[in-house]
Amino acid sequence: MKLSGLLFGGIIGAAATMYVARKKPAAVAWAAGAMSEVCSGMARKTVAKFMNADWKKEGLGLSPKHSDDTAEKSAAAWEQIEAILESDPSLKREANKIKAESSVMSH
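For the sequence shown, counting from 1, position 103 maps to 103 in UniProt numbering; every step adds exactly one.
Do not take every clue at face value.
[As the list claims (entries may be wrong)] In silico EDC-like links for lysine to aspartate or glutamate, alpha-carbon gap of 16 Å or less:
(1) K92 <-> E72
(2) K92 <-> E82
(3) K97 <-> E86
(4) K99 <-> E82
Bear in mind the hints are in silico, worked out from the structure with no lab data behind them. Since this is a predicted model, take the numbers as computed values, not measurements.
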């Protein structure tokens, strides 16, 4: 849809609303009340679904499952990180600097 079509439709809708508001003010008030009721009903349903949801079951279903080799993978990853740090002296100095700053901030 083109922007000009959207703007033209908005202008026509505003003009129609003004025309109806002048001819039958009660009709506009009724339409506004009906729209308000529809919106509040939708909001109530949404809040009810949100409050009645079983969050524990959903959370357990979405959590990652730990496997037996997780500790092995973690140890291998740390060994690889240490090897990278040992191979580059400037990187090792930077890592030690970060560790020193974080230990000062945590106390």
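Worksheet item: Going straight from one Cα to the other, do K92 and E72 come out at no more than 16 Å?
Response: violated, 24 Å
Worksheet item: Holds or violated: are the alpha carbons of K92 and E82 at most 16 Å from each other?
Response: holds, 9 Å
Worksheet item: Does E82 lie within 16 Å of K99 when you go C-alpha to C-alpha?
Response: Holds, at about 14 Å.
Item to complete: Starting from K97, check that the Cα of E86 is at most 16 Å away, please.
Response: Distance ~15 Å between K97 and E86 Cα, so the pair holds.
Figure legend: structure checked against the earlier numbered hints; the only hint not met is number 1.
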